[in-house]
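Number of protein chains: 2
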Amino acid sequence: MKQSKTLIPTLKETPADADIASHKWLLRAGYIRQNASGVYSFLPLGKRVLQKIEAIIREEMAKVSANEILMPALQSADLWKESGRWDKMGPELMRLNDRHEREFVLGATHEEVVTSMIRDEVKSYKKLPLTLYQIQTKFRDERRPRFGLLRGREFIMKDAYSFHESFESLDESYQDMFQAYTNVFTRLGLNFRPVIADSGAIGGKGTHEFMALSDVGEDTIAFSDSSNYAANVEMAAVLDQYPASNEEPKELTKVSTPNQKNMQEVADFFGHSLDEGIKALLFHVDDRYILTVTRGDHEVNEIKLKNLCEAESVELATEAESKEIIGAGFGSLGPIGTPEKVEVMADHAVKYLVNATCGANEDGFHYTNVNPERDFPNTKYADIRFIQEGDLSPDGEGKIKFAKGIEVGQVFKLGKLYAEKLGADFLNDQGKATTMVMGCYGIGVSRTLASIVEQYHDDNGITWPKQVAPFQVHLLVLNSKKEDQTLLADAIYKKLLAEGIEVLYDDRAERAGVKFADSDLIGIPQRITVGKRASEGFVECKVRETGEQTECHESEVISYLKKLLN
Amino acid sequence: MKQSKTLIPTLKETPADADIASHKWLLRAGYIRQNASGVYSFLPLGKRVLQKIEAIIREEMAKVSANEILMPALQSADLWKESGRWDKMGPELMRLNDRHEREFVLGATHEEVVTSMIRDEVKSYKKLPLTLYQIQTKFRDERRPRFGLLRGREFIMKDAYSFHESFESLDESYQDMFQAYTNVFTRLGLNFRPVIADSGAIGGKGTHEFMALSDVGEDTIAFSDSSNYAANVEMAAVLDQYPASNEEPKELTKVSTPNQKNMQEVADFFGHSLDEGIKALLFHVDDRYILTVTRGDHEVNEIKLKNLCEAESVELATEAESKEIIGAGFGSLGPIGTPEKVEVMADHAVKYLVNATCGANEDGFHYTNVNPERDFPNTKYADIRFIQEGDLSPDGEGKIKFAKGIEVGQVFKLGKLYAEKLGADFLNDQGKATTMVMGCYGIGVSRTLASIVEQYHDDNGITWPKQVAPFQVHLLVLNSKKEDQTLLADAIYKKLLAEGIEVLYDDRAERAGVKFADSDLIGIPQRITVGKRASEGFVECKVRETGEQTECHESEVISYLKKLLN
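In order, the protein sequence lines correspond to chains B and H.
Start counting the first sequence at 49; every next residue gets the next number (the numbering used here).
Start counting the second sequence at 49; every next residue gets the next number (the numbering used here).
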């Protein structure tokens, strides 16, 4: 494509609101433009990268026999009321009325639409399993759209849905899709991890998120430094393995601590480290009160608590509740002598403490020389804390490290949730009406594009991996007024096209400096510059990512490029 | 693709609301399903055909250096207020508010968005001309969605926009795009005509519509039986060429016609044919009154009247106005002795009348022996009537015939309309700020798909042209319980895949009759059936469109197909 005939509006300055690399470079290199808050246009280069990503997704979907369809953005509100999400999704769900005042939703996802279609079309086990997917524009009215394509209000998703006669069949498709997603993100060149994620809220039976590693990610991943293990930090199990102490238990002693409210103050007062204290927090879990007990240097993980209690909601109690129910404020809570209606749930790490300190359930007092088995026996122990860097990996291999990640994909065992709500039944091989089992799977296509840029850029612009680059070769003619240069550049352009090599040809009447700067911004993997030595037939070849430069005779350009591009 | 793993929900019966062929066959053959009134899902086969159409469009767009982009569906209402279409479009425009109560529009087209982007990005004549296009979902809240994909509320369009420094440059791009559209519809196998259309309302400078010929079309095309001439019936010019009469003018006579109100009654009363009467109608044209005068067998074309008067609105006056202004009701209007404030505008054909009849502008009276030049001289003559079948073609070659057409595409010289409203200026080569000149171009992608089915079907289903067929070959195994059949069919399936031939393999455990019926419905061009003679290596080959059948040895299947498919 000739650069003079397309629209690549590069910017010298970074727009004020572009606070992360992908947003900045995609704007500056002319890939996208914002039309409204969280709403973007893909300009020619951006659209080409999208198509590259989509083509890779389509190939991997075909391998797992997923069928591409296209469902509408406009969805009848009735379906969302049937599923219950009309109320649940709140203002994130974009709603509108048609001219007859019928309520519609702009699709945020398509579980309702696809389930209602399959309910009507698939009546027999013979037609299962079935996997459908689409690549389509989605709408979600984010409270605070930000980070360019990472958190927009209109974005492109690949969403897939599978339908099964049994959970075993779902497990197979889930595994296939897990592999397909792994292939997609690997082929895209992303540094990513599939991580164990929380499926609690939607009521599914298992889920992994695919996380592109990036400092701007909003999620924290706990991963092993020596195995494949990775999980969202909320989901990482903590092993019940702590060193045993050989200290002798001392006598339990109540001590006045009038000014010691938090763990650090208590530790300083007693002259020990944080991990010798016991932290107690009072939670309201559905209609129960639970006092969690963790080591002073650990944090309670409310998601673990919620899943453990199979609860709908987990909230910290107020200090007033604490005083009323236990008789002490937050600063003096502890597991010794709690009233019967408060259930004590302790983290495994607490078991291993010897001569620790904890609140005395009396304002202004703490116990010291606390020994759990002796001083609060019959306590329930469980894994209720957040994993920390340096902890053992839950698979027993290596230690945990943290990284930030951008969620680019998710595979999810939905189970029967939507099928039950929408009445998606089929006749099984015994002729009995049975509820379908479903899986759903998503890739944030536009978000993936941005994530690639987060991982592939330098100080001068984007450094696309070749499989997603908008073009393979950027051909520059340095001085378009010199005939020897334009003749040679035109000839090379034609040769590249004839060879089927995707080439962007900067034929503009711009200064050399502008062309070089734009080329670095745009980030096409290979650059061929036709300049001063054109009359001798020599051009300059440069690899965008490494900066490696060589001179090359025009007769060798094709073979040089083919070597690098294959 | 194996049919057992995809979703092709064929129907034995035609759904009640499917009143045209494309709607019926696309539903029955499992290509689409309705999700809400005027809102459809494309199932796997439908999506494949869409992609074929889109690929052809993309190739032709690349040839005219049009750049693909992707603009958002969510558009700020502010832009539509700037252009004036917020008010003009009425309830057809779908509107919604975001969580902050900001007003948005769901894109019906993208003139506003693209013009506002180009206004911001293109400041110099050096970057013009520029053509951008997208293939995208559009929304229009039709009052009465009908005919399946032909008139939906959510549909797929290819919309293109070109930006120019001059009208001459626009003319060039218009011509390129006209050719590209001609190529697209030709390659799609459509029987179509580019027709001269009306650009009045949007204020452009010229436009053609691409009409797929079809009896279910909502537009009437006037075309020459011996040249390329074709126009929307509203736009077809009528030549000022009528046979001269050699009858002698007789004396004007006023006759009482108490019961003769319409042209037929008057003709019967005077014992002449309709074309010897003169019809007069009173119009309100902006703030003027115009009495149109046509031959009794002709119809006034209000669009011609409007364009001729450069008027905003043309409306028939009420009978009360007629009585007040002319002093007679509708049944007795005529061009003789009209009050001064009423302008008389006569069609060319009237000039040639001799001894005709017309209303006397007095209730219950007509004139007979009317001779225009003598009885209402100084009258303005113009082409103000609808063309009729049998009229001379406006290009002088052949006679006019009518056909019905479905509008599948339009090319349009927008001129400066949007650029002026949205302030899209650039600096010309003299450094002067100048308003851009624009063109816009659309193809109804989903509507085109339906139009192809309107032209390619028979009593058993669809008969796709190969270039848009969802697959090239439909491979059937008649009895999937017989090992010789499945082994041979599996082997042929693998061979076809290896040869890169798109094949749908009906491997289902269904009866032969069901498979044949489904295959006819689906309409893939070539069918290969593995049946009774499988053990000898023989299969049956059938051409869907012609029904031509041959037996073929499996070793020859590939060469047989390649011959037909190339």
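For the record, the hints were derived by calculation from the structure and aren't laboratory data.
Hints are not guaranteed to be accurate.
Just so you know, same-sequence chains aren't split out, so a pair can sit in one copy or run between any two.
Derived SDA-like pairs: lysine to any residue, alpha-carbon spacing no greater than 25 Å straight-line [to be verified]:
(1) Lys469 to Ala292
(2) Lys580 to Asn426
(3) Lys171 to Lys480
(4) Lys543 to Asp411
(5) Lys449 to Asn426
(6) Lys371 to Gln99
(7) Lys136 to Lys611
(8) Lys50 to Ala560
(9) Lys111 to Lys543
(10) Lys611 to Pro297
(11) Lys111 to Ala359
(12) Lys53 to Leu144
(13) Lys480 to Glu313
(14) Lys542 to Gln227
Tested hints:
With identical chains, the CA atoms of Lys469 and Ala292 are never at most 25 Å apart, being 50 Å at best within one copy and 78 Å at best between copies. For a Cα distance limit of 25 Å, the shortest separation of Lys580 from Asn426 qualifies neither inside one copy, at 85 Å, nor across copies, at 76 Å. In this assembly of identical chains, the alpha carbons of Lys171 and Lys480 lie at most 25 Å apart only when taken from the same copy (11 Å versus 69 Å across copies). For the homomeric pair Lys543 and Asp411, neither the shortest alpha-carbon distance inside one copy (84 Å) nor that between copies (82 Å) is at most 25 Å.
With identical chains, the CA atoms of Lys449 and Asn426 are never at most 25 Å apart, being 34 Å at best within one copy and 96 Å at best between copies. For the identical chains of this complex, Lys371 and Gln99 are neighbours neither inside a copy (60 Å) nor across copies (66 Å), given an alpha-carbon limit of 25 Å. Proximity of Lys136 to Lys611 under the C-alpha cut-off of 25 Å is found in neither arrangement, the shortest distances being 54 Å within a copy and 58 Å between copies. In this assembly of identical chains, the alpha carbons of Lys50 and Ala560 lie at most 25 Å apart only when taken from the same copy (16 Å versus 55 Å across copies).
Only between protomers do Lys111 and Lys543 lie at most 25 Å apart by alpha-carbon distance; the minimum there is 17 Å, versus 34 Å within a single protomer. For the homomeric pair Lys611 and Pro297, neither the shortest alpha-carbon distance inside one copy (72 Å) nor that between copies (91 Å) is at most 25 Å. In the homo-oligomer, the alpha carbons of Lys111 and Ala359 never lie at most 25 Å apart, since the shortest distance is 39 Å inside one protomer and 61 Å across protomers. For a Cα distance limit of 25 Å, the shortest separation of Lys53 from Leu144 qualifies neither inside one copy, at 39 Å, nor across copies, at 36 Å.
Taking the shortest alpha-carbon separations for Lys480 and Glu313, neither the intra-copy value of 65 Å nor the inter-copy value of 72 Å comes in at or below 25 Å. Only between protomers do Lys542 and Gln227 lie at most 25 Å apart by alpha-carbon distance; the minimum there is 24 Å, versus 40 Å within a single protomer.
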